[in-house]
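Throw the hints in and build the complete structure from the sequences for me.
Those sequence lines, one after another, are chains A and B.
Mapping to this note's numbering: the first sequence position 47 is 142, numbers consecutive.
Mapping to this note's numbering: the second sequence position 553 is 579, numbers consecutive.
Keep in mind that the hints are not guaranteed to be accurate.
Derived coverage of chain B by chain A (criterion: at least 3 residues anywhere in the stretch with Cβ under 8 Å from a Cβ of chain A; other residues may be distant) [stated by the list, open to error]: (1) 566 to 577; (2) 583 to 592; (3) 611 to 617.
Since the hints were derived computationally from the structure, they do not count as laboratory data.
Here a beta-carbon is modelled for each residue, glycine too, at the ideal position from N, C-alpha and C.
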Amino acid sequence: MRPLLEVEDLRVRFDQLIAVDGVSLHLDRGETLGLVGESGSGKSTLGNAILGLVPVAEGRIRFQGEEITHAPPKRRRALGGHLQIVFQDPYGSLNPSRTIGYTISSPLRVRHRLDKREATERVTAALARVGLAADAMHRYPAEFSGGQRQRIAIARALVLEPELVICDEPTSALDLSVQAQILNLLLDLQEQLGLSYLFISHDIDVVRHVSHRVAVLRRGRVVEQGATRQVTEQPEHEYTQTLLAAVPVPDPHEQAARRGRRHELLPS
Amino acid sequence: MRPLRAFRRPLSVAAVAYLGIVLVAVIFAPLLAPYDATDGDLDHVLSGPSALHPLGTDNLGRDVLSRLMYGGRVSLSGVAEAVLTVLVLGVLSGLLAGFLGGWVDRVIMWLVDVVLAVPVIVTLLVVLAVVGSNETAAMIALGVLGSPLLTRVVRGSTLAVRQELFITAARVSGLPNRSIALQHILPRIAGPIIVQASIFAGAALLTETSLGYLGLGTQPPTPTWGGMVADASTVIDQQPWLLVPAGVVIGLSILSFGLIGDALRDAGARQAPPRRRKVVAVASSEAKPEPGALLSVHDLTVTLPRSEVDTVVVEGLDLRIEPGEVVGLVGESGCGKSITGRALLGLLPEGGQVTRGAIHFEGRNLAGRRRSELRGLRGSGIALISQEPLSCLDPVCTVGRQVDELVRRHEGGNRKQVRARTIELLGDVNLPDPERTVRRYPHELSGGMAQRVLIAMALAGRPKLLIADEPTTALDVTVQAEILELLRKLRAETGMAVLLISHDWGVVADLCQRAYVMYAGHVVESASVDELFDGPLHPYTAGLLGCAPRRARPGRRLPAIPGTVPDPRTWPAGCHFAPRCPMATEACAAAAIPLFEPATGHETRCIHHTQVKGGENAAVA
Numbered sequence: 096m097r098p099l100l101e102v103e104d105l106r107v108r109f110d111q112l113i114a115v116d117g118v119s120l121h122l123d124r125g126e127t128l129g130l131v132g133e134s135g136s137g138k139s140t141l142g143n144a145i146l147g148l149v150p151v152a153e154g155r156i157r158f159q160g161e162e163i164t165h166a167p168p169k170r171r172r173a174l175g176g177h178l179q180i181v182f183q184d185p186y187g188s189l190n191p192s193r194t195i196g197y198t199i200s201s202p203l204r205v206r207h208r209l210d211k212r213e214a215t216e217r218v219t220a221a222l223a224r225v226g227l228a229a230d231a232m233h234r235y236p237a238e239f240s241g242g243q244r245q246r247i248a249i250a251r252a253l254v255l256e257p258e259l260v261i262c263d264e265p266t267s268a269l270d271l272s273v274q275a276q277i278l279n280l281l282l283d284l285q286e287q288l289g290l291s292y293l294f295i296s297h298d299i300d301v302v303r304h305v306s307h308r309v310a311v312l313r314r315g316r317v318v319e320q321g322a323t324r325q326v327t328e329q330p331e332h333e334y335t336q337t338l339l340a341a342v343p344v345p346d347p348h349e350q351a352a353r354r355g356r357r358h359e360l361l362p363s
Numbered sequence: 027m028r029p030l031r032a033f034r035r036p037l038s039v040a041a042v043a044y045l046g047i048v049l050v051a052v053i054f055a056p057l058l059a060p061y062d063a064t065d066g067d068l069d070h071v072l073s074g075p076s077a078l079h080p081l082g083t084d085n086l087g088r089d090v091l092s093r094l095m096y097g098g099r100v101s102l103s104g105v106a107e108a109v110l111t112v113l114v115l116g117v118l119s120g121l122l123a124g125f126l127g128g129w130v131d132r133v134i135m136w137l138v139d140v141v142l143a144v145p146v147i148v149t150l151l152v153v154l155a156v157v158g159s160n161e162t163a164a165m166i167a168l169g170v171l172g173s174p175l176l177t178r179v180v181r182g183s184t185l186a187v188r189q190e191l192f193i194t195a196a197r198v199s200g201l202p203n204r205s206i207a208l209q210h211i212l213p214r215i216a217g218p219i220i221v222q223a224s225i226f227a228g229a230a231l232l233t234e235t236s237l238g239y240l241g242l243g244t245q246p247p248t249p250t251w252g253g254m255v256a257d258a259s260t261v262i263d264q265q266p267w268l269l270v271p272a273g274v275v276i277g278l279s280i281l282s283f284g285l286i287g288d289a290l291r292d293a294g295a296r297q298a299p300p301r302r303r304k305v306v307a308v309a310s311s312e313a314k315p316e317p318g319a320l321l322s323v324h325d326l327t328v329t330l331p332r333s334e335v336d337t338v339v340v341e342g343l344d345l346r347i348e349p350g351e352v353v354g355l356v357g358e359s360g361c362g363k364s365i366t367g368r369a370l371l372g373l374l375p376e377g378g379q380v381t382r383g384a385i386h387f388e389g390r391n392l393a394g395r396r397r398s399e400l401r402g403l404r405g406s407g408i409a410l411i412s413q414e415p416l417s418c419l420d421p422v423c424t425v426g427r428q429v430d431e432l433v434r435r436h437e438g439g440n441r442k443q444v445r446a447r448t449i450e451l452l453g454d455v456n457l458p459d460p461e462r463t464v465r466r467y468p469h470e471l472s473g474g475m476a477q478r479v480l481i482a483m484a485l486a487g488r489p490k491l492l493i494a495d496e497p498t499t500a501l502d503v504t505v506q507a508e509i510l511e512l513l514r515k516l517r518a519e520t521g522m523a524v525l526l527i528s529h530d531w532g533v534v535a536d537l538c539q540r541a542y543v544m545y546a547g548h549v550v551e552s553a554s555v556d557e558l559f560d561g562p563l564h565p566y567t568a569g570l571l572g573c574a575p576r577r578a579r580p581g582r583r584l585p586a587i588p589g590t591v592p593d594p595r596t597w598p599a600g601c602h603f604a605p606r607c608p609m610a611t612e613a614c615a616a617a618a619i620p621l622f623e624p625a626t627g628h629e630t631r632c633i634h635h636t637q638v639k640g641g642e643n644a645a646v647a
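Shown next, in the form of structure tokens:
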């Protein structure tokens, strides 16, 4: 079976800067591919390129076998029903002057031309899926906490019943206990709906937890990609090794031992 | 703000060019003017423009162009006197009001309101009646009457700027108010000052020419622009042209001042000043310092204003740091960890106050001391580094100047000695090529380099305690590892203690010997990190450890804590964690929970601590 998403030798340029430099990856149905890298590695740009938010200089993006690299605006809008995104900033990503119900239902009413009753049903179902009561619909973003807003953002992505959700640092702005809730929600939704995730994060522990496979990005290039266990336990590339060694482990004994090993790796 | 950007518009360029030409003509009038201002040519009385007299002559045959050039000297120097008065009075009073606040602010703003209520023209007429036709006196009076507007603008901008982190950073490092105001605040608010001054200049010119027109101020035969308009109006039926040169010059000058002001304002629009609150003195307590401890905090309670009500955000906090010890303060946002760190330095946000408790540092109680008393301690006793390194540096000063300032403050010495120590400090924090780094501006630094500079600044006073508030949260992991390594090295070399405020279990495990866990304003557990990670005795600690993905099986649900940290206004009675706690019973919500000490040096605020399980899912790969 063909992968859900195939990216071949993708290049994205901003003037002189090459943000994504020859990236190839693929993603199957129901699978999570973790994209991990530091700031400036091009991981968010890659997600934006797949969504058509930034122009692609070279390479190919195929979704369900269809080439969408330079899809015309009309096709792009239709793809919105299949490809969705959850952003990092739960504060900036919701319009503060619109009710939650309005925000979530507007694509249903405008694109799918559902009447008010049908749209409300779909919105209620989406909110229920993310663990929010239906009355949230009539409230404004300011009335919700960061974690709740991220749930709302996920509901907005889900209401269109997409196959692929690009999660761009979805838990980076959240506290640890709320992050755990959102990660659990994403795992549950994947199991229930068979979603695929392209999970972009700088946090290797989070990526390791949710991903089946991992791609490590550095300066726009994939330096290593493979099964999560393989990449995080026996990294082959030197950069992956450095990155993994740099992450402090929440266990003082283990961390002391790792520190010793890291000193051998980095004689500075 | 970038003033240069203001002058890309053709209209602003024209305004600047026009004023430039007028200024040159006026200043060099004795050299450039074709005739003397008072020489009459009786053969050509009231002539229109001609080759001999480009702008014509007046009723005494005097050359209009020459009179305009000489007349501008009076008018423009009057404007300069008024603007200078406004600048001196307005900037000084605005800075004082905005920066010092309190009664100084109230008195100045009261004066401002009084002066604003005074009618300008009437007052000027009175002044001129009293001192005679003294133009300078009138213009200085105009400046005094005009200064309240600038006072308000400067005060507002100062209030906004003094909220910025680099001002806090400057305070933390122990700089006196005068240097903060002159070196950090004034350059940041220069934009609005220039804008206000240029708008006022237009108004001042209008007033000056009005006075001249009324025959007040400088007297004939000395030409003034206003006087020329007055002369022209008397012969308007014989030679209407005479009104044109003076009228156009005055009109265009006023317009140009206004245009320049507008252009500058548009280029650097600033936000409104934030609401101000009174700073309240802190309360003290009788508690004795703990012997041997570098820092011992007892029963610290802090309130912050929330929606106009003082709300307790840290309650009954006890904390102890030994010399040279690295202690963690862990918790989620809204638990009060950063506020605790600020309270130790006497740097609470506006309106915040310590209402109870004692903070003993080296045996001295810091609670209840005034800010001025704490200043000597900041930087040299206790230093602070925070989460956003780049916003803690003043963007208009080089790295070297900012470090120099602190070295000079703490150690003194001549310029060469100071710079040598600065370079040494930058070398200590492993910045590559310190000699070049001193000449760089903050925008040329990466986040990791900026944090190193801030650590160097913190080290300038050789502090005994460094409060590190989420020092690596904004950095990439590889940079984080380097900064943690640096802190470890510096602790070993200098023997300073560190209070590390963090939400990241990994960072705490890496650096700390002991840690305090905070939840909703309380310390809920404290222990050595080994005991804390292996056998937590509070369900929040256990729950938060369980939330770390690294400690769970990949792909499995994390043992998340339901709900969120409550707002300080809605803290429950009894245990603050009870509503989210899987082990909560009725007893938990009944009354405040005291600290238990089930093992030496391991405290917990939980009545069910014997049943807490959390060590067993420590399944680190």
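Hint-by-hint comparison with the structure:
1. Counting residues of the stretch 566 to 577 of chain B whose CB lies closer than 8 Å to any CB of chain A gives 9, which reaches the minimum of 3, so the coverage claim holds.
2. Evaluation of the coverage hint for the stretch 583 to 592 of chain B: fulfilled, as 8 residues show C-beta separations to chain A shorter than 8 Å, against a requirement of three.
3. As drawn, the stretch 611 to 617 of chain B meets chain A at 0 residues by the rule of a beta-carbon pair under 8 Å; below three, the given contact is violated.
Hint compliance for this structure: hint 3 is the single one not met.
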